[in-house]
Amino acid sequence: MTPRPDGTPVANEGSPLDHSLALPPATPVGARSTTGVAVMAHLRRQTRELVQAHALLEGDSPDAVHAARVAARRLRSGLRVYGDLLRDDIATQLRPELSWYAGRLSPARDLEVFDLWLRSPDGDTDAQPTRAQIGASLIPWLRRRREHVLHEALVELRSERAAALLDLLVAVARAPRFTRIARRRASTLLAPRVLRADRQAVRPLGHLRPDDSPEAWHRARISAKRARYAAEVGASALGRPCAELAHLWASISEPLGEAQDATIQRTLVLERVSDASTPLSAAEAFTFGIFVASTRHREVACHREARNIWLDARHEHARIRRAMSGIGV
Numbered sequence: 001m002t003p004r005p006d007g008t009p010v011a012n013e014g015s016p017l018d019h020s021l022a023l024p025p026a027t028p029v030g031a032r033s034t035t036g037v038a039v040m041a042h043l044r045r046q047t048r049e050l051v052q053a054h055a056l057l058e059g060d061s062p063d064a065v066h067a068a069r070v071a072a073r074r075l076r077s078g079l080r081v082y083g084d085l086l087r088d089d090i091a092t093q094l095r096p097e098l099s100w101y102a103g104r105l106s107p108a109r110d111l112e113v114f115d116l117w118l119r120s121p122d123g124d125t126d127a128q129p130t131r132a133q134i135g136a137s138l139i140p141w142l143r144r145r146r147e148h149v150l151h152e153a154l155v156e157l158r159s160e161r162a163a164a165l166l167d168l169l170v171a172v173a174r175a176p177r178f179t180r181i182a183r184r185r186a187s188t189l190l191a192p193r194v195l196r197a198d199r200q201a202v203r204p205l206g207h208l209r210p211d212d213s214p215e216a217w218h219r220a221r222i223s224a225k226r227a228r229y230a231a232e233v234g235a236s237a238l239g240r241p242c243a244e245l246a247h248l249w250a251s252i253s254e255p256l257g258e259a260q261d262a263t264i265q266r267t268l269v270l271e272r273v274s275d276a277s278t279p280l281s282a283a284e285a286f287t288f289g290i291f292v293a294s295t296r297h298r299e300v301a302c303h304r305e306a307r308n309i310w311l312d313a314r315h316e317h318a319r320i321r322r323a324m325s326g327i328g329v
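Quick note: the sequence shown, position 136, residue 136 per this note's numbering, numbers continuous.
By construction, these hints were calculated from the structure, which means they are not laboratory data.
All values derive from a computational prediction rather than experimental measurement.
Idealized CB from N, CA, C, for every residue including glycine.
Among the hints, a few may not be true.
To be verified - Each pair of labels, with its calculated beta carbon distance range: (1) 164 <-> 63: 46 to 56 Å; (2) 275 <-> 87: 13 to 23 Å; (3) 23 <-> 137: 44 to 54 Å; (4) 128 <-> 280: 12 to 22 Å; (5) 209 <-> 123: 16 to 26 Å; (6) 196 <-> 89: 13 to 23 Å; (7) 280 <-> 23: 47 to 57 Å; (8) 318 <-> 257: 16 to 26 Å.
Kindly produce the complete structure, drawing on both the sequences and the hints.
Given below as structure tokens:
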């Protein structure tokens, strides 16, 4: 790979990809970096995370499912920000495949999260039933279910489709082919794209109420995570305001993620109740019924927390946007 004089990387035409070679080292990015360099740095960082986590899936290493899924989602979100800067329609090829990859791991991760939640201390000491009471009969079922869905996922992730995705990601990360516009300074080209994702995330927070539907809040969560990931793409080149924006959206995403966990937990418990292969006792059915009802209260509380974080952060958010708007001007 030979860089242009301005630092924008160019792939060597016709050079075959040697899959025995590791990905190149991390690419340093600063305020004077071109957009191509900033994008390449993100591609390399997240592709490395995905390749390393993927290799650990077979051994069921702790956090491998989570790490692989997050890296795939960060790459997909990054391609939403800068995909049009890559030649050969690469983003259009990669984004649906990354969605497929992350989606194959989602059921196993949902079960992992619920298992961890049940084994962690009760946040509300007066909660009834307690997590220990629920977990005593539910955790064995969750773990059997996780083993099954993870096995199914790994069958697909050993496929030629998954191998082709990883091969393409490594090839693109090693030697991305950019359009001419990627030669421009990252500070002038990425800031408007980050702000666009930010603006889209703000929109639903202005009208959603805590007791609105879980589906509406889940869409808001997706937008918040996209804004966070977009800001993470630009942070190295755009500096402190962009990093602050990523932190703000991470703080809003956290309670929204907890609300989504409650939604998923409700679904999983209802599936357990309807699982005729392992009948419930009357006491278990009663306990699960109370738990299912409690998940809605948790959802609303988390929505309220996220909304309050946003309301408290509006002035700070406006300051960050002003600073971001002035970058590169």
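Hints not upheld, ascending by number: 1, 2
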